[in-house]
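Engineer: Same order as they appear, the protein sequences are chains S and P. Just so you know, we're using my numbering here: the first sequence kicks off at 944 and counts up by one. Just so you know, we're using my numbering here: the second sequence kicks off at 0 and counts up by one.
No lab work stands behind these hints: they were computed from the structure. Just so you know, these numbers come straight off a predicted model, no measurement behind them. Hints may be right or wrong, so weigh each one.
[Said to hold, decoys possible] Pairwise CB distance ranges, derived in the manner of DEER restraints:
#, chain 1, residue 1, chain 2, residue 2, range
1, S, D968, P, A42, 54 to 60 Å
2, P, D62, S, G970, 42 to 48 Å
3, S, E1031, P, D62, 36 to 42 Å
4, S, T967, P, E17, 23 to 29 Å
5, P, G67, S, L1086, 38 to 44 Å
6, P, E32, S, T967, 57 to 63 Å
7, P, D28, S, D968, 28 to 34 Å
8, S, E1081, P, L58, 18 to 24 Å
9, P, A42, S, R945, 37 to 43 Å
10, P, P15, S, E988, 39 to 45 Å
11, P, K36, S, R945, 50 to 56 Å
12, S, T976, P, S48, 41 to 47 Å
13, P, A31, S, G956, 37 to 43 Å
[As the list claims (entries may be wrong)] Computed far set for chain P versus chain S, every beta-carbon distance over 12 Å:
#, residue
14, V14
15, D55
16, G67
Note that CB positions come from ideal geometry on N, CA and C, so glycine has one too.
Below are the chains, spelled out letter by letter.
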Amino acid sequence: MRVSVQKARFDLGHEAQAFAADRTDMGAIVTFTGIVRDVAGGLAEMEIEHYPAMTQKAIEEIAQEAKDRWSLGDVLVIHRYGMLQAGEMIMMVATASRHRKDAFEAAEFLMDYLKSRAPFWKKETTETGSGWVAARDEDESALDRWAKSD
Amino acid sequence: MDVLYFAWVRERIGVPKETVTTTASTVADLVAELRTKEDRYEAAFADLSALRVAVDQELADFDASLDGAREVAFFPPMTGG
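Please work from the sequences and hints to get the whole structure.
Structural biologist: Structure representation (structure tokens):
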């Protein structure tokens, strides 16, 4: 398991290749990549603030939860902070499992939890000003599907 | 105790971090204390449903105990991913 909270850009191809390399036991690798989206048009930049003392630990706990719930050979989470432009990669997750179902489900679980349980906040600046991106109710309710019934 | 603020909470209060001497036993007590300090705190804490809190870097509820706590952070709902 690797969790990296970083300011620097990452190379998706390089990271995915390194994650998949030298594996003979894992039949499935799923990767997801989040991109800065220019929602309204005219996005000048997006600033991502985070809580340095908490971020790494919070993501590691989410990743460990994924490993506990699905049969995973490995998990990778990279999440950036700082100043980003439209089209830049914000983050990626990768999951490895013997069969694809675990890898897909665990990747979705990681994304749902990173959205609303990892301490990041996005601020968008456009030509008309800047404002904090509001959390969406759908992001919070997305966690319900992972609630344990036992 | 260190009190940290992030995103628009930080902007409304005007500082990212401050050291507070308090006898508050829960997060809610601490919020009540802070709100009486100055208008900028009232502006930040007016609607608690818009806020989240972490005690010693773990997400917590507003009724969480501050017994032994060294760091409390207030922030809006997170927007990662």
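Engineer: Against this structure, judge whether each hint is valid.
Structural biologist: Hints, verified against the model:
| no. | hint | result |
| --- | --- | --- |
| 1 | D968(S) <-> A42(P): 54 to 60 Å | holds (55 Å) |
| 2 | D62(P) <-> G970(S): 42 to 48 Å | holds (47 Å) |
| 3 | E1031(S) <-> D62(P): 36 to 42 Å | holds (40 Å) |
| 4 | T967(S) <-> E17(P): 23 to 29 Å | violated (54 Å) |
| 5 | G67(P) <-> L1086(S): 38 to 44 Å | violated (29 Å) |
| 6 | E32(P) <-> T967(S): 57 to 63 Å | holds (59 Å) |
| 7 | D28(P) <-> D968(S): 28 to 34 Å | violated (53 Å) |
| 8 | E1081(S) <-> L58(P): 18 to 24 Å | holds (20 Å) |
| 9 | A42(P) <-> R945(S): 37 to 43 Å | holds (41 Å) |
| 10 | P15(P) <-> E988(S): 39 to 45 Å | violated (20 Å) |
| 11 | K36(P) <-> R945(S): 50 to 56 Å | violated (43 Å) |
| 12 | T976(S) <-> S48(P): 41 to 47 Å | violated (33 Å) |
| 13 | A31(P) <-> G956(S): 37 to 43 Å | violated (52 Å) |
| 14 | V14 | holds (14 Å) |
| 15 | D55 | violated (9 Å) |
| 16 | G67 | holds (17 Å) |
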